[in-house]
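Start counting the sequence shown at 119; every next residue gets the next number (this note's numbering).
The set of hints was computed from the structure by calculation and includes no laboratory data. Hints may be right or wrong, so weigh each one.
To be verified - Straight-line Cα separation of at most 20 Å, SDA-like style, residue types lysine to any residue; simulated pairs:
id: 1; residue 1: K232; residue 2: T190
id: 2; residue 1: K195; residue 2: D213
id: 3; residue 1: K200; residue 2: L253
id: 4; residue 1: K192; residue 2: I239
Claimed, not checked - Label pairs and their in silico Cβ distance ranges:
id: 5; residue 1: S242; residue 2: G139; range: 16 to 24 Å
id: 6; residue 1: V223; residue 2: F140; range: 39 to 47 Å
id: 7; residue 1: V138; residue 2: D193; range: 28 to 36 Å
id: 8; residue 1: K200; residue 2: E227; range: 40 to 48 Å
id: 9; residue 1: L134; residue 2: N254; range: 47 to 55 Å
id: 10; residue 1: S242; residue 2: T127; range: 32 to 40 Å
id: 11; residue 1: G142; residue 2: S242; range: 36 to 44 Å
Glycine is no exception: its CB is placed at the ideal position from the N, C-alpha and C atoms.
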Amino acid sequence: MKNTNLILTVALTAVLMGGVGFWGGSKYTQNQRISRLAEMGGRTGGSPQNIRDVNSPSIGNRGNGIFVGEITAKDDKSVTVKSMDGSSKIVILADSTTYRVSSEVKADEVIVGKTISVLGIANSDGSTTATSIELNPVMRGQLPANN
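Model the full assembly from the supplied sequences, consistent with the hints where possible.
Written out as structure tokens, the structure reads:
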């Protein structure tokens, strides 16, 4: 009887520890993903809920902090981007916005007709304040743009 109780106790403890380990690993992985998304926010006060996963099928939709599209208008403080779904979004160019191709570029290289990927914070008025803009982004399943 003592051996049966001991075996049962050891087995239950092993199952419990395995479950706790699995749960802990799942939480760790979830936190790592959120940390990577927060880093993409540029440490400008953005939060992970304002940043959409780049692999999401809804990139280009209104209200998200990241999207891809063609520049249709530009002034000193903003660009208007026509997204892949045909909608347009105003992107506010903050002093802290970085501009990149494969390396950092200047704001004057962001011109009408170029395709860009925008990462930023979605504003309540529907615009986005850019933290990072990438020229000619290569999206999964697409060839690089030639512009």
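List of violated hint numbers, smallest to largest = 5, 7, 8 and 10
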